[in-house]
Amino acid sequence: MRGLSVANFEEIEEARKLLGLGEYATLKQIKQAYRRMAIQHHPDKAGNGAQAEEMMKQLNAAYKLLTDYCASFSYSFREEDVARIYPYDEYLRKSRHGWFEGI
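Numbering-wise, my numbering comes out as the position in the sequence shown, counting from 1, plus 2.
Not one of these hints is a red herring.
List of simulated lysine to aspartate or glutamate pairs, EDC-like, C-alpha gap at most 20 Å:
(1) K19 to D70
(2) K66 to E15
(3) K59 to E13
(4) K33 to E15
(5) K33 to E16
(6) K59 to D46
(7) K59 to E12
(8) K59 to E15
(9) K59 to E16
(10) K19 to E55
(11) K66 to E13
(12) K66 to E25
(13) K33 to E13
(14) K30 to D70
(15) K66 to E56
(16) K30 to E16
(17) K19 to E56
(18) K30 to E15
(19) K66 to E16
(20) K66 to E12
(21) K59 to D70
(22) K33 to D70
(23) K66 to E55
Restraint ranges, calculated between C-beta atoms of paired labels, are given here:
(24) L29 to G51: 29 to 37 Å
(25) E55 to F11: 25 to 33 Å
(26) T69 to Q42: 13 to 21 Å
(27) R80 to D46: 42 to 50 Å
(28) L29 to G49: 25 to 33 Å
(29) S76 to D46: 38 to 46 Å
(30) R80 to Q53: 44 to 52 Å
(31) A52 to E81: 51 to 59 Å
(32) R37 to N10: 24 to 32 Å
(33) N10 to Q34: 20 to 28 Å
No lab work stands behind these hints: they were computed from the structure. For glycine and all other residues, C-beta sits at the position ideal for the given N, C-alpha and C.
Working from the sequences, and respecting the hints, build out all of it.
And the structure:
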């Protein structure tokens with residue numbers, strides 16, 4: 003992985019696979035995956051010195067890359083986008099406020 007400010011798809015893909023993430027992950031899931039892998043591969047626990055240190059460097063780089071990518075992501079707070087992302091909430095809103103309006 004390169005140290006550029008803008009990551010390309012291959013770098014993102016490599017980072018998510020290293021952390022054991024699927025194609026979709028929340029920031030919380032990224033953090034949990036990083037912590038799980040860091041505990042597993044920490045040099046003090048893994049016991050294989052230089053190899054564990056190299057793995058920790060890779061894990062740290064992957065975590066930074068993914069969290070930086072998520073931090074620079076542009077979120078939409080428009081009503082139609084929120085409704086598209088959270089359709090169940092829209093369903094509940096309709097059931098409470100005029101489900102049969104316009105009939």
